[in-house]
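**Student:** The lines below spell out each chain.
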Amino acid sequence: MNENIVNFIYLIAGVLFILGIKGLTKPKTAVRGNMLSALGMLLAVVVTLLNMNTVDYTFIVAGVVVGSLVGSVMALRIQMTSMPQMVALLNGFGGGASLTIALAEYYTKLGATPASFAELLHPVVADSSAFGAGPEGTVALVAIGLTVLIGALTLTGSLVAFAKLQELMKKSYGLPGGPIGNALFLIAALVAVALVVVEPGNVAAMVTVVALALLLGLFLVMPIGGADMPVVIALLNSYSGIAAALAGFILGNTVLIIAGSLVGTSGLILTRIMCVAMNRSLANVLFGKMAAGGETIDADEVYAGKVTSAQPDEVAMLLETAQRVVIVPGYGMAMAQAQHAVRELADAMEAKGVEVEYGIHPVAGRMPGHMNVLLAEAEVPYDKLVEMDRINPTFEDTDVVIVIGANDVTNPMARDVEGSPIYGMPILNVDKAKTVVVIKRSLSPGFAGLPNPLFAMDHTLMVYGDGKKAVVEMTTALNQA
Amino acid sequence: MDILILLLALFVLSLFLGVELITKVPPTLHTPLMSGTNAVSGITLVGALLAAGNDGSPMVVNILGFIAVTLATINVVGGYLVTNRMLAMFKRK
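As you go down the protein sequences, you meet chains A and B in turn.
Letter 194 of the first sequence, counting from 1, is numbered 194 in my numbering, and no numbers are missing.
Letter 46 of the second sequence, counting from 1, is numbered 527 in my numbering, and no numbers are missing.
FYI, nobody ran anything at the bench for these hints, they're computed from the structure.
This structure is a prediction, so every number in the text was calculated from the model and none was measured.
A virtual CB, placed ideally from N, CA and C, is assigned to each residue, including glycine.
Hints may contain errors.
[What the hints assert, rightly or not] Here's a subset of chain B near chain A, in silico, CB distances under 7 Å, partners left out:
id	residue
1	Asp483
2	Ile486
3	Ala490
4	Val506
5	Thr509
6	Leu510
7	Leu514
8	Ser516
9	Ala532
10	Ser538
11	Val542
12	Ala553
13	Ile555
14	Tyr561
15	Leu562
16	Val563
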């Protein structure tokens, strides 16, 4: 097939990807956008297949069948609460695909004819001209090296992120020396990339890049956990895109470059949004621990004798007379699988004429938009899910706020106590409401390890217990009232 | 060199376009955005097909290509399906 026709169809595919993402700017057009994007993918794949000269379909068919089976089972079986794990895995597979493509391209261009995987280690005599004339050869080698590096670290980093989210790995391990150890690893990997560029036949250097990058991915993500997960997932999402764009440079393929850079920027922007929402720099999330507070804040001192607890039926009486209620969900709601129960409580309130909205902090949950997806699953209309900047001015006119499974994002210390480790982090100002109901198992601290003065305020009621059970009891009591 | 400069131009312009597009996606749709872009990054399938199906390549390269095809297909199929499943839930009452 004519190269120009192929590239023209790649261009159409690229345009469809762009329209697909544009569709995601509104919930109404989002489904259609996703379809357009999928159509672009189909076009690109079909034209690639038609354009191949000597094709052996054995491995292609095998790969497509296995991949489709695994992909569709994952996509249809996954629970909405586990969506962060699914996205982590997909990031990893994207990195792995770029890694293996770069390696395949490397060995093909080298002219090596390894008969077995062991022979992949045998050095080959070759210079950069095997990869393209003049500077093109050098650029192709740099692109191969970097794709291998980023692809490999995205692969292992994402697998660790998955293991942590799935709670298969609970402890945090890291390289001794923390950021310095990681930096040394990265420098060593980059040196190995440089060696490959200078001496393309130095297969040992390429294998070293792979090994170092795989390890680096492990060490980068292993020390990170809990509430920092949204940043890590967004960043790995970005890496998987960058790796795809770099692979585009290796193959001189336009659609890979367009798609890869869109994904790369998407991940970076989400990473930035998450960091801003925690008032922390990316470096601080990746390498730092939460700064220790200037003065240690004693939980007993904050809470002693000041915490008021309540039973669900008492809360129901409050809700019955309220005019406006805001529900603030956090990761605890996902853990308790309480999203449907929450929706039913909201329905019961609305039946009594109460206005109900949801206040969503950007870093609530374990990935960007996690709470929104859970509540959408429970059939909460999306226009009731209100983002932080829009919900905050309304708390003063709110009769009751129900905080379920959220903690640090409501901690007034972030606003009021200068020198507190979370000072400056934007929070939901739930304490401005007339009454705050906090549903929580105990007074244990959140991810930041800080006591929350909100719990000790005069107008705060603590409802201890399982989130789902407490909400169901409130709904029952409200319906009987 | 000409081709390289063109590819670089495409790359840089796509980055700017990406920034313009993504900043307009509302926080409500950030999770589908991530899974949807995951599916898009499965475009590496195009490169994977070339590696897996080239009859002239050594078997080992084809096997690397097979791994790439499998992983990229999981991204494409899994990514689009799960995004569609999520987006179908976002309804106005």
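**Student:** Evaluate each hint against the coordinates.
**Tutor:** Checked hints:
The interface hint given for B/Asp483 is broken, as the beta carbon of that residue sits about 10 Å from the closest beta carbon of chain A, more than 7 Å. Below 7 Å, beta-carbon pairs count as interface contacts, and B/Ile486 has none with chain A, the closest being about 11 Å; its hint is therefore violated. Taken as an interface hint, B/Ala490 does not check out: its beta carbon lies about 10 Å from the nearest beta carbon of chain A, beyond 7 Å. Given the 7 Å rule on beta carbons, the hint for B/Val506 holds: about 5 Å separates it from the nearest Cβ of chain A.
Evaluation of the B/Thr509 hint against chain A yields a held restraint, the C-beta minimum of about 4 Å falling below 7 Å. A hinted interface residue such as B/Leu510 counts as satisfied when its beta carbon comes closer than 7 Å to some beta carbon of chain A; here the least separation is about 5 Å, so the hint holds. Interface hint at B/Leu514: satisfied, since its Cβ lies 5 Å from the closest Cβ of chain A, which is below the 7 Å cut-off. For the restraint placing B/Ser516 at the interface with chain A, the shortest Cβ-Cβ distance is roughly 6 Å, inside the 7 Å limit, so the hint holds.
The interface hint given for B/Ala532 holds, since its Cβ lies 4 Å from the closest Cβ of chain A, which is under the 7 Å cut-off. Among the interface hints, the one on B/Ser538 holds; its C-beta lies about 6 Å from the nearest C-beta in chain A, closer than the 7 Å criterion. Checking B/Val542 against chain A by beta carbon gives a least distance of about 5 Å; that is within 7 Å, so the hint holds. About 4 Å separates the beta-carbon of B/Ala553 from the nearest beta-carbon of chain A, less than 7 Å, and the hint is met.
For the restraint placing B/Ile555 at the interface with chain A, the shortest Cβ-Cβ distance is roughly 4 Å, inside the 7 Å limit, so the hint holds. Of the supplied interface hints, the one on B/Tyr561 holds, with its beta-carbon coming within about 5 Å of a beta-carbon of chain A, less than 7 Å. Given hint, B/Leu562 at the interface with chain A, holds; its Cβ is 4 Å from that chain's nearest Cβ, closer than 7 Å. The restraint placing B/Val563 at the interface with chain A holds, with a minimum CB-CB distance near 4 Å, inside the 7 Å limit.
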